[in-house]
Structure formats: structure tokens, C-alpha cells
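Read top to bottom, the protein sequences are chains Y and D. 1 is the number of the first residue of the first sequence in my numbering; add one for each residue after it. 1001 is the number of the first residue of the second sequence in my numbering; add one for each residue after it.
Derived by calculation from the structure, the hints in this document are not laboratory data. Here a beta-carbon is modelled for each residue, glycine too, at the ideal position from N, C-alpha and C. Do not take every clue at face value.
[Claimed, not checked] Under 7 Å between C-beta atoms, here's a sample of chain Y residues computed to sit facing chain D:
(1) 219
(2) 222
(3) 228
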Amino acid sequence: MNKRHVWIVFKKEVKDIFRDRRTWIASVLIPMLVFPLLFFFMNMGMKNMEKNMEKDIPIYIETPNQEMDIIHYLNNSQGIQVVEEEKPYESLQEGKLKLILVIDEDFQEKIEKEQPASLKIIFDEVSNESSMAASMIENKINAYSEKIRFQRLEKLGINPEILQPMIITREAYVPEGEEAKGDQGALFMITFLLPFLLMLYPVVGGMPAAIDLGSGEKERMSLEPLLSTGAGRLSILTGKYLAILLASIIGTITSLMGVVAASKIAPDAIPLGVRISPLSIFILVATSLGIAMILSGLMLSISVFARSYKEAGTYLSPVTIVLMVPVYLTMFMDIRTLSTSLFFIPLLNSVLVMKEALVGIINPLHIILTFSISIILVVLSLFFTRFMFNKESVIFRS
Amino acid sequence: MIEVKGLKKSFKDVEALRGIDFFVPRGEVLGLLGENGAGKTTTLRILATMLKPNSGTAILNGYDILEQPHMVRKNLGILFGGESGLYDRLTARENICYYGELNDMSKEDIEKRIDYLTDILEMGEYIDRRVGKFSKGMKQKVSIARSIVHNPPIMLFDEPTSGLDVSAARVIHRFLDECRQEGKTVIFSSHSMGEVEKLCEKIVIIHKGEVLAYDSIESLKAKHNMDLENLFVEMVGERGE
Ligand SMILES: Nc1ncnc2c1ncn2[C@@H]1O[C@H](COP(=O)(O)OP(=O)(O)O)[C@@H](O)[C@H]1O
Ligand SMILES: [Mg+2]
């Protein structure tokens, strides 16, 4: 291998791919914009829904007997507006009504007789606002029910506290000298989102470059002239590999920037208030670099093998789906009780090490295993690409 | 100087070359004549170290293709027919420069050489424009310049005029003359007798991976007492089936 040749090829390929609009779209524009846009619109929807819920919720009460205490109670509670409707069920489906409350005629009577009195909340299962309204009305009715319970106990001369034998509080354990990890929701979000991004965006960012640098040379018939220059094949290949790696890394970094931007747009939807130690950050960076290195090698070897752009695209597209498998699999694994054998599985181990690092678990065995396997995989993918590149039947596939 | 010794090459079940021998002295232009599928491209690819022969070897200017492939490549330029194989998003200059750098030329030498080639190939108008929108003729000139930027003593032409119109083919023919005048050793492959007769002193006729004739055009004609075209048809016919 000749370092000068590697550098020449790298420089040329970077210049070439970054003059391609597709590279900018794939490695910069898409990763940067997907999350901010997604969360911008999600946020807009949420705000809208909240606004609707802030208005009084229109409900309809279906009952033969309008003169009941509960109806007075609901009429007087805040956030609810009991309305008259000709055709309540149609209005519910049109979204004009958020729910219908069905109260039996003998409801009041049963309450007075101290028997369980039942009522029914009918909501529209396809409307989010309707189900939110249902929860809200249920809370209100529960509060009313509580009030009646207290009245009954008082009537019997019983202190209501007797019926609450225990008070439970829940608190996350934080070892001495450590800080709390932060919000639970934020923690879940970030331990899913970050491995997801670090798996997906090396491929999204690097794929156009990989396709162009491998099968592209065949398609435009530039491979033969290139191979007949003074540069050796390994140097050419290494230069190309590094250019693809760069595109992958840029794709990953811009996607992270996109997430940060998204969390500014919608702080509630992507809370990033998770504390990560410098050591964990180092592990995260190293792991994601390893992933990008493995995937760049894989993409280049597939692309070198393919006869044309089209063929390369066909082989490479499923790769993104395959990569999501370890990300989703790890969602259902408990981070404290991971079996060591899991860390022998390439890529899955990277996702797990990232998750551990995010919650501050530093397990040397896991890290060493993951890194060793990643390095072996990088080397293998490079050797495989080189093998492909040296194989006459691959280079001159027709 | 090119010395080809007993080259054999098979692809799976196809015997593409069955023992090719010939010799091109320094400064000579050899025509490599053969029908489609005769083995011309395979021979030139082996000389350019892109393919490895199953047996036999070749020596180019003292460098063995098997032992010093890197030096062999630095000493030769190769021009292909068909697609130009240029990078559309690079300018003509960048395309040529890339090959100069890969052949270990210095920046100044490349600049000087590109200026010179721009001049003689009349590419001044578009040398700094991106190749993507070039016409076929413009691209062809750029790929000629690219193949010769490092001023190699040996040039290989693989059916460079196939699919070109007359005036574009003439550019190639002029370029070949240029190479001859500069004393380069040249192999020019073609399936057109007329073209080879016009451009080369000596020819190798290959058919199904074997050398049928290897002589100067004059003496071939004299010996068999017929023109090249008839001679070729007759030779191939005798061998056939
Ligand atoms: N990469 C390859 N794989 C399989 N067979 C090939 C390959 N390249 C050439 N051949 C076969 O070798 C023979 C010689 O081909 P080639 O050298 O391209 O002929 P020419 O250039 O004279 O037309 C043909 O039969 C061709 O089909
Ligand atoms: Mg050919």
C-alpha cells in the first residue's frame, strides 16, 4: 500500500462525491432535517390537541332523569361543558362531542341506598381527543365517588384514614457520589434513539458514496483505466474506503445535530436531560466509529461486487432493514442482566454497549468483547473487499 | 519494447488465449488484428496487469508483468474504445491530473504536461469545465490526454475507434501518429483490416486465442499474393470449425 496513492484517491473521491447533490441530500440534508421536521410537526399536533383540550370539553349526558346530583356536579366542574344534542352519536363521530355519558334512571336512587351505582362513558376509539376526554371525565367521576365515600364513612363515624393503611412512594436508587440519571422518559428515549441513529445514519450517509465508488466505476467504464495506473489496488481501495467512511461519519454527526435541534424545537418530545459521563461519551464515540467502519467496508464490498448502480442499490437497500433488527431486539432486554454471550454477536453488542454507556454501566468485559469483535469485523470486511477487488471475475463481471 | 511469451488464459470453460507469442521492438507500431472474441482485449488486459495469465508472461521495457506490475503500469498508457470512463463531476483538468498523480508525477510536471496536451489536442476552451456535459468528441480527447499524461514509453490501444464517426476516428489516428513520432512502442488492436493496414507496419493476426500470422504487412501480402482482407478471411476460414 502506498500512502500517497491512498491520499490521492481519497482526495479525489471526496471531491467527486461532494460535488454530487445526492451526497449532500443523503449525508447532510436528510439526517439534519428528518428529526427536527418530524418533531416540529408532532409538536404542532400536540399543541393543537392541548389547545383543544384546554377549551371546555363538550359532552352529552344520556339519561331519563336530568335531576341528579352527579349532573349538577359535572355541570359545575371546570373544563366540561354539558351540551344538548339532537343526534349525540353522530356528533360523537363527527368530533363535535368528545364523549357520551350514559347514566341509568336509578343512579341517584342507588347512591342514596348505598348500593354501587354504575354509569358508562362512551367514547370514539379512533379519536385521541375523545380518549383523553374519557380519562379526564373518569378522573372527575372518581373524585366525586371519593367524596361520597368520605360522606358515608363520616356518617358511620369512621375516620377515612382507617381505609388507607399504607402510603407508598417510589424513588430511583442513586448510589452515593452519583447523580440521578434524569427523567425516566428521557432515559428511555435516548437509549433507543441514539443506537438507532448510530446504526442507521452511517448507512444513509455512506450509501450513495459506496454505490458510486464501487459499482459506479464499473458503470461508467472508469475502473479499467484506473486499475492500469501506477497505483496499486489496495491503495485505491483504501482511499475509496476512507472516503465512504467520511461520508458515513458526516451522516451520523449531522443526524445527531438534527436530534439536538429537534430537542430545542420540542423539548417535551425529546428530552435530552440525561447526564452522560466523559468516559461514557468516549465509549459511545468509539462504538459508533466502529459501526461506521464495519458498515462502510460492507457497503464497499457489496458495491464492488455489483455490476451496476441499480444492482448495488438492490443489494444495499435491505441492509438498512437488517440493521434495525439489533436495535429493536435490544428494546426488550434488561440492561442489568445481559448475558455475556450476547456480546459475541456483532452489531448487537455495539448497541448494548452503547445502552450500557448511556446509563453509566461500564463493564470492561463487555467493552473488550465488543471492541475485539468489531475490530475483527472491520478487518474481515476490508479483507473481503480486497478479495473482491482482486478477483478477476468480480472486476470484469459482465 | 514488448515481449509476449506463451500467454495462456482461461475464463471458467472458455480458453480465451491458447499461447500467444510476439515481440514489438522499441518505437514500433504493431497491429493486433482479430475478429470479435479473438482475444485482443484479454491480451491487452494481461499486458496492463489487470488480468493474470494462467501461464506465460510478458516483459515491457524490461519489467515483467508478473514480477513488477507496478513498474509495468507506470510505463504504459492504455486507451479503450467505447465509453470514455471519465468522471463527470470533475473538470477535464482534474480528470487528467488524477491520473498524473496516480502515476507519481510531480505537480509542476502535471501542470506543464496538461498545458502541452491542451494545446495539441485543442482543449483550451473546456479544459476547466466539468466533463458531464461534454460531447463525445470532447470526452474522447480528454481520455486520450488522460491515457498519456505521464508520457509513457508504451501505449496500448484497444479498438479505440470502434463506434466513432470518421472525424473522431481521425483524431485517434493523428494521436497514434504522434506516438509513433515520439518513438513510443505501440500495440493497436482492431478488427478492421483497412485501419490496421493504414496505421501499422507489422501485424499479429489472432483467432480464437491463437496467433495465425505474425509478420510485416508487406511481406504477408507478397507471400500470399493477395490483399490483407482476403488473406484474413482465408486464414480464419481455414481455421474455422
Ligand atoms: N471476464 C470474462 N469472463 C469470461 N469470459 C471472458 C471474459 N473476458 C473475455 N472472455 C471470453 O474470452 C474470449 C476473448 O475475449 P476478448 O479478449 O474480449 O476478445 P476481443 O477483444 O478480441 O473481442 C471471448 O470468448 C470472451 O467471451
Ligand atoms: Mg475487445
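Run through the hints listed earlier and report the numbers of any the structure violates, in increasing order.
Hint 1 contradicted; others consistent.
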